[in-house]
Amino acid sequence: MATQQTRSLARFMMAPSVVLLFIWMIVPLVFTIYFSLLQYNPLNPIRDGFVWFANYKLFYSNPAFFAAILNTLTIVVSVLVITVVGGILLAMLLDQPIWGQGIVRILVISPFFVMPPVAALVWKNMIMHPQYGVFADIARFFGAEPIDWFGQHPLTAIILIVAWQWLPFATLILLTSLQSLDGEQKEAAEMDGAGFLSRFIYLTLPHMSRAITVVILIQTIFLLSVYAEILVTTNGGPGYASTNLPFLVYQKALLEFKIGQASAGGVIAVILANIVAFFAMRAVGKNLDK
Amino acid sequence: MARAVTTQHKTIATAAAWVVALLIFFPILYTIITSFKSEQEAIQGFNLIPSGTFESYSEVQQQSGYFKFFFNSVLLSVGSTVLALIVAIPAAWSMAFSPTKRTKDILMWMLSTKMMPAVAVLFPIYLIFRDSGLLDSRIGLTVMLMLINLPIVVWMLYTYFREIPGEILEAARMDGASLWNEIIYVLTPMAVPGIASTMLLNIILAWNEAFWTIRLTTTNAAPLTAFISSFSSPQGLFWAKLSAASTLAIAPILIMGWFSQKQLVRGLTFGAVK
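Residue numbers (this note's numbering), protein chains in the order written: chain A, 1 to 290; chain B, 1001 to 1274.
In case anyone wonders, no lab produced these hints; they're calculated from the structure. Don't take each hint at face value.
Unchecked claim - Have a look at the derived ranges for each label pair, beta carbon to beta carbon:
{"hint": "1", "chain 1": "B", "residue 1": "M1108", "chain 2": "A", "residue 2": "G195", "range": "28 to 34 Å"}
{"hint": "2", "chain 1": "B", "residue 1": "T1007", "chain 2": "A", "residue 2": "D148", "range": "44 to 50 Å"}
{"hint": "3", "chain 1": "B", "residue 1": "G1045", "chain 2": "A", "residue 2": "P45", "range": "43 to 49 Å"}
What the hints assert, rightly or not - Restricting the straight-line Cα-Cα distance to at most 27 Å, the calculated cross-link-like pairs of lysine-lysine (DSSO-like) are:
{"hint": "4", "chain 1": "A", "residue 1": "K186", "chain 2": "B", "residue 2": "K1010"}
{"hint": "5", "chain 1": "B", "residue 1": "K1262", "chain 2": "A", "residue 2": "K186"}
{"hint": "6", "chain 1": "B", "residue 1": "K1262", "chain 2": "B", "residue 2": "K1010"}
Said to hold, decoys possible - Below, a sample of chain A positions facing chain B; criterion: calculated Cβ distance under 8 Å:
{"hint": "7", "residue": "A228"}
{"hint": "8", "residue": "A273"}
{"hint": "9", "residue": "I275"}
Using N, Cα and C, we set each Cβ at its ideal position, and we do this for glycine too.
The task is simple: from the sequences and hints, build the whole structure.
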């Protein structure tokens, strides 16, 4: 059906989006890859020059880089575990007939709409503050010593905050998927004498598998680049205890002006993201064929 | 469901759900409560009943000019969304109605740009912005946010447009509708709900974007994300004020978000979960 004319019209209609995205992502990325092979410091240009892969070698020799990659992965995996397990449980709870379901849903989804700096500051000052926070109040109520979250367990604190932001997302998507589960199937399984656990393992979980995959993939994309939560709470510290890769790149590039190193970090971040993206695209691509 | 639900079962489920929901919502609730306390009250330990003062709200505005940041947030999120729609609607339209062999690849490629971490392009973008005088400018940041969300906008529109049956257009044409009439009476009514949902979700995403909005602004173009981040510097404990500022920053988007739950699932999963 597509004539030559409609095809060129289609191309014309697509061009702005394609060109813009190309300029915005690919061109700067090429620059970053180029910078990553340089020693490049605007504050100290004397030693600037081509150094090939020296910046990448820092990932073996400089503890900050290694710590940053490890922290990045720790954040991603921990938050995924908390949100997926918690999300499944919560979705199953909300799928029950309950009074005031609409309001409960609204309450549960709300943290997702809170901008990251607000979420981080509220948790930092009002919930986790070692002296005035609600956690400290609770600890004192039980006669325990309040925990200095950001001083002693900075990464755990950040993981908790980020998990709080993403649990609603996981819950909402898993609940949507759960609600499309055929009621008759559930009934049939029940009549056949399947217990709660076997119904969950053989019916509910397989039905949700696609939604779980999507939740994992989409969250991973965002979790790989957690930034504002670190900036307003620990600022990466103490030391490098809560510095992830995006935060390290930001520090190297805009605070220390070690552009070569920062760019190498950026390229590593791209590689990490691409490994994830590879799987993500396949999952989403399958849906397109339907 | 034909299964009879016992009242006991429902009571237990309701109680459990409400407890969990309130726990999850608690940090937001406590922020709202604290915003109506005086600074003195705010640090006097756990207390759910504020004295109900509006002191903090007026101070936030007086000391830091809250509404300038609020205005920037509105401008940036709405502006970037509208821009993205203008660019994306033709693209999504042509991909949905006259797909070619390469349509799928193009869509995939667009999505892949979204998966590229922002830090990877931080410095080149920073340089470009600095050298063209776009740092801390509303125009620069609007374009930036537009580009960040463009892949999602194209994708969302595409999944909505794809559901418009092509036969309906042919039928209208057969009935002698002119191209103009076709657009006004047939296409627009069917496309508007999808465009509206896309718009809603993208305003939310742009409003909450907290990497470029913080890094590329200082004062002039700074939206609420940058404003709130400035509270992180230790200048004493002003929690009532922080709460008031936070409440103001999240309230509009929270309310919009409540109305967009369904579209959120669809939009953020690229149509994979409906």
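Structure-inconsistent hints, enumerated in ascending order: Hints 1, 3, 9 are the ones this structure does not satisfy, whereas the remaining hints hold.
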